[in-house]
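With these hints in hand, go ahead and build the complete structure from the sequences.
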Amino acid sequence: MCVAVPGKIVEINGSTAKVDVMNNTCDVNIKLVQAKIGDYVLIHAGCAIDVLSKDSAEEILWMFKELEEEVHDNSSADH
Amino acid sequence: MITLQQITRELKEYDGREIKIMEVCGTHTSSIFKNGIRSLISPKIKLISGPGCPVCVTPSVYVDKLVDISLKENHCVLTFGDMMKVKGNEHSLTEAAAIGGKVKVVYSPLDAVKIATEDANTQYVFAAVGFETTTPIYGILIDEIIKKQISNLKILTSLKTITPALTYICENEKNIDAFIAPGHVSVIIGCDAYKELAEKYHKPFVVAGFEGEHILAAVYEIFLQLKENKACMKNMYISAVSDKGNMQALSVINQYFEPKDDFWRGIGVIEKSSLRLKPEYFQYDAGSDFDEYKESPPKGCKCKEVILGRISPAECPLFAKQCTPLSAVGPCMVSAEGACGIWYKNRGRE
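Protein chains in written order, with the working numbering: chain A, 1 to 79; chain B, 1001 to 1350.
Honestly, the hints are just simulated from the structure, not real lab data.
Where hints are given, some of them may not hold.
[Said to hold, decoys possible] Label-pair ranges, simulated between beta-carbon atoms:
(1) B:PRO1279 / A:GLY38: 30 to 36 Å
(2) B:GLU1010 / A:ASN13: 49 to 55 Å
(3) A:GLU58 / B:THR1008: 19 to 25 Å
(4) B:ASN1172 / A:ASN13: 46 to 52 Å
Because the structure is a prediction, the values reported are computed rather than measured.
Backbone N, C-alpha and C fix where the C-beta goes; we use that ideal spot for every residue, glycine too.
What follows is the structure, given as structure tokens:
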């Protein structure tokens, strides 16, 4: 339930951040977390829901890569 | 310090009474397959899937309503992609789109703000489906609608909460011995949410991350607790999950939503198991209350038994025969997070 993916904040404009997720830059809402540039966040449905350590983010990323194929197969934003 | 080898040896060689552990998160189900966890543990330790996919438990009348809205003049439904193929009592949103319904797939509820602002002549309705992970994001959406005075955007909610469903399972499915609690829902609600359940029903609840080692460690923790006749909540995903959860997210949920009884497809009504907009925000609701929950499960479909952990997806007579992701009979085969869909993609690796 509720797939989320980690990414690194590279820029912050108000409540929106540019986040590097596996070398893709995404706009992410950061209203639910206290985050700064350089932090790793857990992103779900366009919104950061948690701040993670770098190690934790990297740990989760490998599994997300495995899931990527299935997510693309289903053209869905899992929730 | 115990090594991973010792853990796997102990779990592999176990030959006592059958232990049933339910994971209630589709991502855990996927990880169990990808890491071959079943092959690392004794066949006496069963890992079974529970009601962890919001799409799978969304009532068919809810889909019917979305279909009706999509077919109304100057209306458009906004939805995540995995809701598209789920059937209502007659049609899915994909079928509605094929007969002229207006449906747009988005990746975030917050995309709806831009879409609605750019097209003021269309009434947009967001299909707000999800568990507690997603609900605060719908709260932020309502916040944006109010602040930006957007008059052509509402939400239709089918927002489920996980602890009432776990309570239902503890009450009604006595043969489940323990639970691997969901990872990302727990980020929001915090691991303390499972303490009372663990104590009241005397079943271990372990919050786990998604790596193979994490799941194996969670299984081992459950194994040890059961061996010692203990039953407590243990958080083994401390890098992401805190005791109390994400307080900011919980505050957004509490600001806009309140608990209500709700219908779960395949299960029925579970007390206080959903979150609906509070009365003061009803103007942003597209009609989420239903008088009647008419359900006509597809003939032969065993999704109910799968959701409640009574059978594995492969035990359904339709599995991988009449029911496949390309031609799904039941909702659990439709979603990327559904147990049947995950089992189908990994068939042969059970």
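Hints, verified against the model:
1. B:PRO1279 / A:GLY38: 30 to 36 Å: With Cβ atoms ~43 Å apart, the hint is violated.
2. B:GLU1010 / A:ASN13: 49 to 55 Å: 52 Å, holds
3. A:GLU58 / B:THR1008: 19 to 25 Å: Taking Cβ atoms as reference, GLU58 (chain A) and THR1008 (chain B) lie about 24 Å apart, which means the hint holds.
4. B:ASN1172 / A:ASN13: 46 to 52 Å: Distance hint for ASN1172 (chain B), ASN13 (chain A) holds at roughly 49 Å.
Violation of the numbered hints given earlier is confined to hint 1; every other hint is satisfied by the structure.
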